[in-house]
Amino acid sequence: MSSNTQEHATGTKPVIVSMRHVNKFYGTHQVLDDVCLDVAQGEVIVVCGPSGSGKSTCIRCINQLEPIQAGEIVVFGEPVDTSRGSLSRLRTKVGMVFQQFNLYPHKTALENVMLAPMKVKKLSRQEAEVIGMKLLTRVGLAAKAGAYPAFLSGGQQQRVAIARALAMQPEVMLFDEPTSALDPEMIQEVLDVMISLAKEGMTMVIVTHEMNFARRVADRVVFMDAGKVLEIAPPEQFFTAPREERAQQFLSKILSH
Amino acid sequence: MVILDNLRFLLLGPFPNGPIGGLALTIILSLLVGICAFCYGILVAGLALSTSKVISGTTQLVTTLIRSLPSLVFLFWLYFLLPALLGVQFTPLQSAVIALSIYQGSFIGEDLRSGLNAVARGQSEAGAATGLSSMQIFWHIRLPQAVRLTIPALVNRYINLFLYTSTASVVGVLEFTGTVTLVNNRLLVHPIQVFGFAALVYFLFCLGIASVGRYLEGRWSWSRKITRSSSSSA
Chain X
1 MSSNTQEHAT GTKPVIVSMR HVNKFYGTHQ VLDDVCLDVA QGEVIVVCGP
51 SGSGKSTCIR CINQLEPIQA GEIVVFGEPV DTSRGSLSRL RTKVGMVFQQ
101 FNLYPHKTAL ENVMLAPMKV KKLSRQEAEV IGMKLLTRVG LAAKAGAYPA
151 FLSGGQQQRV AIARALAMQP EVMLFDEPTS ALDPEMIQEV LDVMISLAKE
201 GMTMVIVTHE MNFARRVADR VVFMDAGKVL EIAPPEQFFT APREERAQQF
251 LSKILSH
Chain R
1 MVILDNLRFL LLGPFPNGPI GGLALTIILS LLVGICAFCY GILVAGLALS
51 TSKVISGTTQ LVTTLIRSLP SLVFLFWLYF LLPALLGVQF TPLQSAVIAL
101 SIYQGSFIGE DLRSGLNAVA RGQSEAGAAT GLSSMQIFWH IRLPQAVRLT
151 IPALVNRYIN LFLYTSTASV VGVLEFTGTV TLVNNRLLVH PIQVFGFAAL
201 VYFLFCLGIA SVGRYLEGRW SWSRKITRSS SSSA
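So the protein lines, in turn, are chains X and R.
Start counting the first sequence at 1; every next residue gets the next number (the numbering used here).
Start counting the second sequence at 1; every next residue gets the next number (the numbering used here).
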C-alpha cells in the first residue's frame, strides 16, 4: 500500500473501528480489495466514490451485514466474528441508518424506536417510551410519535430511522447514503440532525454524495474506486488538491452541478 | 316447513340428549381447526425458511407429502391407520381436529412462506442492525407483515377450511353436513329443501369470512388511503 494514500488519524483518541486488509468477493467478482481504514473515537469519516466502488459494502462489513472473505475488522478491540453472542453485542454498539430508511411499516414512529430497547436490552415499555420520546424530540419529531411511516415524508422517516438507531445508545453510527433517496428539500433536515450528532462527538462513518456536507463535517474523506481505497485526506486537502487522478476526475464531475 | 321441523337437530345435533352437533359443532370445529392450523402454519413457514438445509428440506418434504393427499384420505389415514401403526386411537372428533389442522396448516404455512419472502430484505437488516435476534426479527418484524400480505390467500384457505369440516362427518362426527344428510335420509322426499338450506348456510358463512378478510385488509394497510377532501376545489 503506497504511503501517500494512507493518512493516519492525528490526536490521541483511541481507534475504535479498524479494517485491516479486508477483501470481499461476490462469487468471483471482487468488491473490496485490501481495504485498510482506522476510525478514531469522535471522528467523522466520509466515504465517497463512484457507484460500484464498494463504499456501501465497506460500511456494511463493519456491522457484519456482509461477511468478509479475508482480512480483519476490529471494533472496540474485539475482532468481528459471526458467533451470535458477539454479533449482538457488536450491533448494540454500532448503529446503522439505511438509504431506504427501512422503518417497520406496521409500527408507529415511537414503536419503531422502542422495539430494540425493549427486546434486546429488555427495558420495560415505560422506560423504552421515555427514551423513544426523548430521541424523537431530539430529531424534531415528537409530534409524529403516533404516526405510521406511510404518513411521514421521506425526511421525517429518515429522522425517525436515525432516532431508532440512536435508541440503542451506540458508540459508532454508520450512514449508508442517508439522503440519496430523499427529495432535495428534505435533505437538509436530515443533514442537520447528522451535523448535531457530529458536534456532540459521535463517531460516524458516512457514505454520501453530499460534498458540501462532507466539507463542513468530515475529519477525513475516504475516496474509493473499484473496491480499493485510493485516497484518505482531510476535506480541505481532498477537495482542493486531490492527489489521485481518479479522485480528481470524480470531483470534477460531481462538483460541476 | 320441513326445515323448521328439524331446525333444532340441524343446528345443534342431538344436544341436549347427546353431544353437541349440527351447525354449532361445525362452527366450534372450524374455530378450533382455524387456530391450530394457523399455529402449525407459522411453525411450518418458520422451519421452511431455516438456514439449515436439513430442517428446511425435511419440512418442505413433509408439507409436500401432506398437500398431495385429499384431506379425506389424510383424515382416514389418521383415524384408521395410525392406531395400527402406533397403537394410539383417537376419537373421531380428535382425529378430525388433528388431521384438518395439519392438512390446512400445511397450506397456510406455504402461503405464509410466500408472504415472508415478499417482506423486503431491508426490514430484516434494520432489525439485525439494532441487535435483534433472528427469532425476534421473524416474530416482531417479518411475520406481521407477511400475514398482512397473505390475507387474500388466507381468506381462500379459511373458506376452504370451513367447508371441509364437512369431511369429518365421514368418520362419524355429527357436524352440519352430517345432520343434514341424516335428516335427508329420514325424509327422503325433500332433498331440494334440505340441501338447499345447507348450501345457503354454508354460503352465508363463507360470505362472512370473506368480509372479515376485506375488513382486515383495509384496517392493516398502513398506507395512505385516498380520501375525498370535503373542501377540495374543482
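It cannot be assumed that every hint is accurate.
What the hints assert, rightly or not - Mimicking SDA-like on lysine to any residue, the simulated pairs with C-alpha atoms at most 20 Å apart in a straight line are:
hint	chain 1	residue 1	chain 2	residue 2
1	X	LYS107	R	TRP222
2	X	LYS107	X	ARG89
3	X	LYS107	R	GLU217
4	X	LYS13	X	ARG243
5	X	LYS107	R	CYS206
6	X	LYS253	X	ARG243
7	X	LYS121	R	ILE137
8	X	LYS199	X	MET211
9	X	LYS107	R	ILE3
10	X	LYS107	R	TYR215
Stated by the list, open to error - Where chain R lies over chain X, by a calculated footprint (3+ residues, C-beta under 8 Å):
hint	region
11	38-45
12	177-185
13	193-207
Stated by the list, open to error - Sample of chain R residues facing chain X (criterion: CB under 7 Å; computed from the structure):
hint	residue
14	ALA129
15	THR130
16	PRO144
17	ALA153
The hints are simulated quantities; they were obtained by calculation from the structure and are not laboratory data.
Built from N, CA and C at the ideal position, the CB exists for glycine as well.
Hint by hint, here is what the structure shows:
| no. | hint | in the structure |
| --- | --- | --- |
| 1 | X:LYS107 x R:TRP222 | 9 Å, holds |
| 2 | X:LYS107 x X:ARG89 | 25 Å, violated |
| 3 | X:LYS107 x R:GLU217 | 16 Å, holds |
| 4 | X:LYS13 x X:ARG243 | 27 Å, violated |
| 5 | X:LYS107 x R:CYS206 | 31 Å, violated |
| 6 | X:LYS253 x X:ARG243 | 16 Å, holds |
| 7 | X:LYS121 x R:ILE137 | 15 Å, holds |
| 8 | X:LYS199 x X:MET211 | 18 Å, holds |
| 9 | X:LYS107 x R:ILE3 | 50 Å, violated |
| 10 | X:LYS107 x R:TYR215 | 19 Å, holds |
| 11 | 38-45 | violated (count 0) |
| 12 | 177-185 | violated (count 0) |
| 13 | 193-207 | violated (count 0) |
| 14 | ALA129 | 4 Å, holds |
| 15 | THR130 | 4 Å, holds |
| 16 | PRO144 | 5 Å, holds |
| 17 | ALA153 | 18 Å, violated |
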